[in-house]
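Protein chains: 2
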Amino acid sequence: MNKQTLLETRQRISAYVHNTPICTSHLLDDISGGKLFFKCENFQKMGAFKMRGATNAIMQLTKAQQERGVVTHSSGNFAQALSLAAKNLGVTAYIVMPKNAPKVKRDAVLGYGGIITDCESNIKAREEAAAQIVAEKGATFIHPSNDLNVILGNATAAMELLEVHPDLNCIISPVGGGGLIAGTALAAHYFGTQCKTIGGEPMVTDDAFRSLQTGQIETNITTNTIADGLRTQLGDINFPILQQHVDHIIRVEEEEIVKAMRLLWERLKIVVEPSSAVAFAAVLKNKAYFKGKKVGIILSGGNVDLDTLRFS
Amino acid sequence: MNKQTLLETRQRISAYVHNTPICTSHLLDDISGGKLFFKCENFQKMGAFKMRGATNAIMQLTKAQQERGVVTHSSGNFAQALSLAAKNLGVTAYIVMPKNAPKVKRDAVLGYGGIITDCESNIKAREEAAAQIVAEKGATFIHPSNDLNVILGNATAAMELLEVHPDLNCIISPVGGGGLIAGTALAAHYFGTQCKTIGGEPMVTDDAFRSLQTGQIETNITTNTIADGLRTQLGDINFPILQQHVDHIIRVEEEEIVKAMRLLWERLKIVVEPSSAVAFAAVLKNKAYFKGKKVGIILSGGNVDLDTLRFS
Numbered sequence: 001m002n003k004q005t006l007l008e009t010r011q012r013i014s015a016y017v018h019n020t021p022i023c024t025s026h027l028l029d030d031i032s033g034g035k036l037f038f039k040c041e042n043f044q045k046m047g048a049f050k051m052r053g054a055t056n057a058i059m060q061l062t063k064a065q066q067e068r069g070v071v072t073h074s075s076g077n078f079a080q081a082l083s084l085a086a087k088n089l090g091v092t093a094y095i096v097m098p099k100n101a102p103k104v105k106r107d108a109v110l111g112y113g114g115i116i117t118d119c120e121s122n123i124k125a126r127e128e129a130a131a132q133i134v135a136e137k138g139a140t141f142i143h144p145s146n147d148l149n150v151i152l153g154n155a156t157a158a159m160e161l162l163e164v165h166p167d168l169n170c171i172i173s174p175v176g177g178g179g180l181i182a183g184t185a186l187a188a189h190y191f192g193t194q195c196k197t198i199g200g201e202p203m204v205t206d207d208a209f210r211s212l213q214t215g216q217i218e219t220n221i222t223t224n225t226i227a228d229g230l231r232t233q234l235g236d237i238n239f240p241i242l243q244q245h246v247d248h249i250i251r252v253e254e255e256e257i258v259k260a261m262r263l264l265w266e267r268l269k270i271v272v273e274p275s276s277a278v279a280f281a282a283v284l285k286n287k288a289y290f291k292g293k294k295v296g297i298i299l300s301g302g303n304v305d306l307d308t309l310r311f312s
Numbered sequence: 001m002n003k004q005t006l007l008e009t010r011q012r013i014s015a016y017v018h019n020t021p022i023c024t025s026h027l028l029d030d031i032s033g034g035k036l037f038f039k040c041e042n043f044q045k046m047g048a049f050k051m052r053g054a055t056n057a058i059m060q061l062t063k064a065q066q067e068r069g070v071v072t073h074s075s076g077n078f079a080q081a082l083s084l085a086a087k088n089l090g091v092t093a094y095i096v097m098p099k100n101a102p103k104v105k106r107d108a109v110l111g112y113g114g115i116i117t118d119c120e121s122n123i124k125a126r127e128e129a130a131a132q133i134v135a136e137k138g139a140t141f142i143h144p145s146n147d148l149n150v151i152l153g154n155a156t157a158a159m160e161l162l163e164v165h166p167d168l169n170c171i172i173s174p175v176g177g178g179g180l181i182a183g184t185a186l187a188a189h190y191f192g193t194q195c196k197t198i199g200g201e202p203m204v205t206d207d208a209f210r211s212l213q214t215g216q217i218e219t220n221i222t223t224n225t226i227a228d229g230l231r232t233q234l235g236d237i238n239f240p241i242l243q244q245h246v247d248h249i250i251r252v253e254e255e256e257i258v259k260a261m262r263l264l265w266e267r268l269k270i271v272v273e274p275s276s277a278v279a280f281a282a283v284l285k286n287k288a289y290f291k292g293k294k295v296g297i298i299l300s301g302g303n304v305d306l307d308t309l310r311f312s
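Protein chains in written order, with UniProt numbering: chain A, 1 to 312; chain B, 1 to 312.
If you're looking for bench data, these hints aren't it; they were derived computationally from the structure.
One should not assume that every hint holds.
Any copy, or any two copies together, can satisfy a pair, since identical chains are not distinguished.
To be verified - Computed list of lysine-lysine pairs in DSS-like fashion (alpha-carbon distance at most 25 Å, straight line): (1) 287 with 196; (2) 87 with 35; (3) 259 with 103; (4) 35 with 287; (5) 294 with 87; (6) 294 with 137; (7) 87 with 287; (8) 259 with 293; (9) 103 with 35.
Just chain A, same shape as in the assembly (with noise of 0.2 Å):
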């Protein structure tokens, strides 16, 4: 791992990949008291950052091991970007799908040519059809976020931030997997100058805040956050990267999610999902820290089921 091998990471994907736009807002800046850069995933392919180590972990496959397929568990986007970058390359992906999961995800993931098989909404559940699949088709498993070439593929956001703006004094990520994090702060270490990598997370799925306390992976007692795509937890590959790179994180409460996640619509004019919102949440929840301070924040995604969206 160096800053070479994020450099081919980022070549090896480029053709598959947006290089995002990145917005900034007087206005947010006047209410949050930093200068704010925001990396706008949402308008990434498939509509999130997963896209980038989703296409990035499959193309690091052999040839032999594409031919057998793709197989992984997600909540929802990284289903639809692994389906999509699949797709992209010729190769077949099996999406195992918690059966809560939103149906405008369920539908893109059909839509981009993904096999879907149902599991319950827990870790054990998606883990064993994951491991059926393997078993039966001879697919090769990619997780989410505990997988270095995802990690590495994420990273390439945090990249393309840092080339424009190669002065920031901290990025800002959301913490679900720590997939996101943790690239993010392989890219903050090697492309920026002193560029602390800084976490939000839901204040009721505080995995990522008590591990890095206790130094040991924590679990979280419910799931049940808005942020829909930070309900799992870290794994072995991402939590030392976060415990080498991440300087802190930032926890913040669900009220705190939705009127984040409203300011960013109203002001930017754009769609975020709920897990962008909390990236933008921890900024607000603590804004002494980032007084002055010019500051990346990765709005993660936009993909939101506007049937369930409520602002009030």
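Given chain A, put chain B in place with the hints provided.
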């Protein structure tokens, strides 16, 4: 009125408005059958194209006029636009606003330093309140849509679109008071290559459709459309431009507007207001006409009251 007038207008206001991005989507192309280019005025300053006309109208006043201020009546976006444009130019803006205007628009006017006078939600009440301010303050009345300088300012959105895509077969804009489509039609006439201008209008406020049929300005019986920016009607300055340069108007039902808006939010990941969706709904309503054509669509704005928004 000629090409030079439009070029000078664009030059005049360029420091005060954004050259907004143009979005495309393979999926929306597939759904519509056309090749669509969305001019994203939701990303314009204050969130709508009206910033263009308001800025131009104020800049065309004499210094003495500017010192006495400007006044308008508006259902929302023009109120914000005149307030911000006036603020940018160091001019006082008096805004006559119907009591039932969305709170988000009212708050924005105040935020931009506009001075609000409340009135009943009908044209007569608005005009009387505005006339009183003209009499008392010596302010210049600027109509939101029936003003040639406003129309010329609005034209710059389509000019920017045609500069990037000079071979558009047609441009669609929503039709409310007629100020946007009149400007769009002038731009298409002077800068397009046989580029037709087409209107999208809510069925329940189809005064423009009927006016073009009868050859005289018709009125609306109701203003009960979700497209709150399109509740006003044509005027004697913009109507002749529509008669000369608008090819035809497509009327759409309320549920078609909501469906089109939802597609724009879900697929482009951008926040657009119902009035914007009317233009896209018109394309979806008449796919046979647009099949295989290069189609410009003016997304007029993105100021939505999220408190009242419901997709289901």
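Next on the checklist: Within a copy, between copies, both or neither: which one fits residue 103 and residue 35 at a CA-CA cutoff of 25 Å?
Outcome noted: Classified as neither: same-chain Cα gap 36 Å, cross-chain 28 Å, threshold 25 Å.
Checklist entry - Is it within, between, both, or neither for residue 259 and residue 103, if the alpha carbons may be no more than 25 Å apart? => result Answer is both: 24 Å inside a copy and 17 Å across each meet the 25 Å cutoff.
Next on the checklist: When Cα atoms must be at most 25 Å apart, do residue 259 and residue 293 count as within-copy, between-copy, both, or neither?
Outcome noted: within (22 Å within a copy, 41 Å between copies)
Checklist entry - At most 25 Å between C-alpha atoms: does residue 287 with residue 196 qualify within a copy, between copies, both, or neither? => result Within. Shortest intra-copy distance 16 Å satisfies the 25 Å Cα cut-off; inter-copy 51 Å does not.
Checklist entry - For residue 294 vs residue 87, is the C-alpha pair at or below 25 Å within one copy, between two copies, both, or neither? => result neither (38 Å within a copy, 28 Å between copies)
Next on the checklist: If the cut is 25 Å between Cα atoms, do residue 294 and residue 137 qualify within a copy, between copies, both or neither?
Outcome noted: neither (48 Å within a copy, 45 Å between copies)
Checklist entry - For the identical chains here, do residue 35 and residue 287 meet the 25 Å Cα criterion within one copy, between copies, both, or neither? => result The answer is within: 11 Å in one copy meets 25 Å, while 44 Å across copies does not.
Next on the checklist: Checking an output row: residue 87 and residue 35, CA cutoff 25 Å. Within, between, both or neither?
Outcome noted: Close across copies (23 Å), not inside one copy (39 Å); limit 25 Å.
Item to check | Intra- versus inter-subunit Cα pairing at 25 Å for residue 87 with residue 287 | outcome: neither (43 Å within a copy, 28 Å between copies)
Hint compliance for this structure: hints 5, 6, 7 and 9 are broken, all remaining hints hold.
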